[in-house]
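Chemist: Each chain, written out:
Number of protein chains: 2
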Amino acid sequence: MPYFDAASSAPLHPVARQALLAALDEGWADPSRLYREGRRARLLLDAAREAAAEAVGCRPDELVFTPSGTRAVHDGIAGALAGRRRAGRHLIVSAVEHSSVLHAAAAHEADGGTVTEVPVDRTGRIAPGAYAAALREAPGGVALACLQSANHEVGTVQPVAEAAEECAAADVPLLVDAAQSLGWGPVEGNWSLLTASAHKWGGPAGVGLLAVRKGVRFRTVQPADERESGRSPGFENLPAIVAAAASLRAVRAEAAAEAERLRGLVERIRARVPELVPDVEVVGDPERRLPHLVTFSCLYVDGEALLHELDRAEFSVSSGSSCTSSTLTPSHVLRAMGVLSEGNVRVSLPRGTAEADVDRFLEALPGVVAGVRERLGAPKPAGAGAEAAADPDPEPKPEPEPELVVDSLGKRCPIPVIELAKVIGEVPVGGVVTVLADDEAARLDIPAWCEMRGQTYEGERPAEGGVAYRVRRRA
Amino acid sequence: MPYFDAASSAPLHPVARQALLAALDEGWADPSRLYREGRRARLLLDAAREAAAEAVGCRPDELVFTPSGTRAVHDGIAGALAGRRRAGRHLIVSAVEHSSVLHAAAAHEADGGTVTEVPVDRTGRIAPGAYAAALREAPGGVALACLQSANHEVGTVQPVAEAAEECAAADVPLLVDAAQSLGWGPVEGNWSLLTASAHKWGGPAGVGLLAVRKGVRFRTVQPADERESGRSPGFENLPAIVAAAASLRAVRAEAAAEAERLRGLVERIRARVPELVPDVEVVGDPERRLPHLVTFSCLYVDGEALLHELDRAEFSVSSGSSCTSSTLTPSHVLRAMGVLSEGNVRVSLPRGTAEADVDRFLEALPGVVAGVRERLGAPKPAGAGAEAAADPDPEPKPEPEPELVVDSLGKRCPIPVIELAKVIGEVPVGGVVTVLADDEAARLDIPAWCEMRGQTYEGERPAEGGVAYRVRRRA
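These protein sequence lines map, in sequence, to chains A and B. Using full-length UniProt numbering, the first residue of the first sequence is number 1, and each one after it goes up by one. Using full-length UniProt numbering, the first residue of the second sequence is number 1, and each one after it goes up by one.
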């Protein structure tokens, strides 16, 4: 039963399991105690810290273990902001950071701080010089900048080393969230703080990493605690820490070969999906990306139904579509990229994924998508002459009055886009159709549909009960 | 090799180990995902929450899992204080709470809040009505009160139900830190919030509990996160959570019988140690106490040397003596009780402790203590006619001038008390000896020695380089 959601949580690596079992017997005592069980626990903790620090590329005394990647991010950002309170209260983040970073930024804003979100291009990547520009244009002293090493939803690798240089030039520390990439290799460049999460690389849950380079001002905002250099309160989760360090070392040893193999499988998905499934947009940077992750969106498809059908076919994937989120808004990553969010599928291959499973996925996907589309009454695929074929007259005409209006109020993604696609053929070339919708996904997906279909998106305006989106037929 | 420090961390219960192993295979996926691995993880999480809530005595939706007992305390106190910001900013704690509570209180003070520490008697117990008095005398609106269910250093059980009634009458929530007692049974009374730590009952590290009764105002101060009702950010440590819940159920099933058995062993230690070792003070409430924990202090003994010798004899215990703490101050619990801190030993028996091991401990202890005393040049035991015997004249006399002064500046516990004991015989009855000392433990141990020896402690005053402690010879 193929599990293709390693980016959410990777199955436990055999080395992690083995190390965890051994440490359950040897590492349950308090490592701060002086008796033999305590000393044994302390040795295990020290060895785990050395191994993890080596993999991170920092000194052992720069690294602490936290209870999760999220707590590493929360405590790391709060500590760096507090440590640099005198330098200012501005925080710079990219628009496509993990929610833990964006939530920490929102907490900082609620506390009176200010935040810049650096935009990304259509591949999800920040532009060269983007952090330098954000630093220049900051409204006040900048305390901290944050940039992920690679995006968790679309796999795009960020230019961390360049951003770190830009930050260093402005004497501002850069925190790198390396949750998605640390298993594949160390983060390049002159970063100041780094966070990661063990269960993303095949380690156990319950362990995050927070590295703070010597010389970086840092003040813990948690109540005092003597453990983990005072930077992560609470009794050390030692067996899991031992398993995390051991598995990080193990996945690194396999990383080069496995990255190459998975990159080939992902390349196959990237190439084959658009051939096999009509009206698909593969998103993310085609070259500078994580080896194991690929994301695409399918027009006229309900993401939740798609995931459900794939689960029935025994494929476990995730989605950034609005209907799969508790807030019914599309993923902030897809929004920042400006790409289609409906029918979104993220495939992230765990280490050891069999080629045959990827092929089975590629066999199953077209039928699953077609089935969902059929149930939704989606238009026939483009190229099969569906949408435009309804209009026998391809000549430009003056815009007729009144405009065609599609009322999709109260209808959820992907219905507004399906209804738009169904009527576009009735609009003369040069004419305009207005879609009324109150679903948040329409704001992203109607422009994305225009881009994919070669139609002209003319913008939105408020309308009674929702938003009016104007689309001009170009062909 | 007997391990007698269950109060720091209990060895992993076999049921915890078994459940952890099973959940490593079944529970590594993200429980918020909709595919089968996620649904399976969600089922495990829900079942663990139900089991833990039943053991706590609350509804499952009142209980969240945190990464440790310390984080449960920190997040619980911060959330309750924030939720009741309008009611006021005063916090009431007992003077003998766990350091995680006192550190949270200190953080609250640093943030502009105010704190009352409710004192305890010589057994470590708060007085009846003490919380009502603290509520009445609070300098402003009280946001929260905290009281441990039982003390972690001396085992004294607190009158939680009474304190909860006093708080309820004032409409103030009571947070109970049940870390030491939850494995033995639910906390009685009308508490509002409750915290606990799994590795204290034989569960794994990495799991704390935070229960917040419906109707208690609570506002998470952490950045937003959708997991654990927004009250404990970060990916759930699921295998450990499953193991924590399973082992809590298991230890509860064994609790009544095991408590009775361990209570008998502890009773033996309480009775025999003062018979076997001269100049010992057994501390804590003799009746209202945890079944598995006993603490005593040995005059004229260096706690670190004592622990080291016991470790060589293969007994693992802990100590509240100043020399065993990183800050070189005696345990705040012993200080609040006003009992001797030198040569302090806490014995906390894990479940399953063999009677023979306790007897071996009782056999080994007298020789170990005598050895440490001999190396320190301690006076011979009282009753053997040591200290007072040096003075052949028991008649009261007018106080001579100049007083006898012992200069113990620069000397660490237990040396100042040993030097005091050595000279007391040279002081005429009714006369005074002054001890100059700069070791923090002297402030506690000189009065405690006077209490044990029937001498009169007359108080302290600042002196050059330290503090002058006045002792009047009574007999």
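Among the clues, some could well be false.
As the list claims (entries may be wrong) - Beyond 10 Å from chain A on every Cβ pair, some chain B residues (computed): (1) 17; (2) 36; (3) 71; (4) 129; (5) 236; (6) 239; (7) 264; (8) 287; (9) 375; (10) 432.
Stated by the list, open to error - Ranges of calculated distance between the beta carbons of each label pair, as one might list FRET restraints: (11) A:253 - B:276: 54 to 64 Å; (12) B:47 - A:352: 21 to 31 Å; (13) A:329 - B:263: 43 to 53 Å; (14) A:253 - B:377: 25 to 35 Å; (15) A:14 - B:276: 43 to 53 Å; (16) B:127 - A:328: 30 to 40 Å; (17) A:363 - B:22: 31 to 41 Å; (18) B:221 - A:474: 48 to 58 Å.
Hints listed in this document are in silico derivations from the structure and should not be mistaken for laboratory results. Just so you know, even glycine gets a beta-carbon here, dropped at the ideal spot from N, CA and C.
Chemist: Indicate, hint by hint, whether the structure satisfies it.
Modeler: Quick rundown of the hints versus the structure:
no. : hint                      : result
1   : 17                        : violated, 6 Å
2   : 36                        : violated, 6 Å
3   : 71                        : violated, 5 Å
4   : 129                       : holds, 29 Å
5   : 236                       : violated, 7 Å
6   : 239                       : violated, 7 Å
7   : 264                       : holds, 25 Å
8   : 287                       : holds, 29 Å
9   : 375                       : holds, 18 Å
10  : 432                       : holds, 39 Å
11  : A:253 - B:276: 54 to 64 Å : holds, 56 Å
12  : B:47 - A:352: 21 to 31 Å  : holds, 29 Å
13  : A:329 - B:263: 43 to 53 Å : violated, 58 Å
14  : A:253 - B:377: 25 to 35 Å : violated, 58 Å
15  : A:14 - B:276: 43 to 53 Å  : holds, 52 Å
16  : B:127 - A:328: 30 to 40 Å : violated, 55 Å
17  : A:363 - B:22: 31 to 41 Å  : holds, 34 Å
18  : B:221 - A:474: 48 to 58 Å : holds, 52 Å
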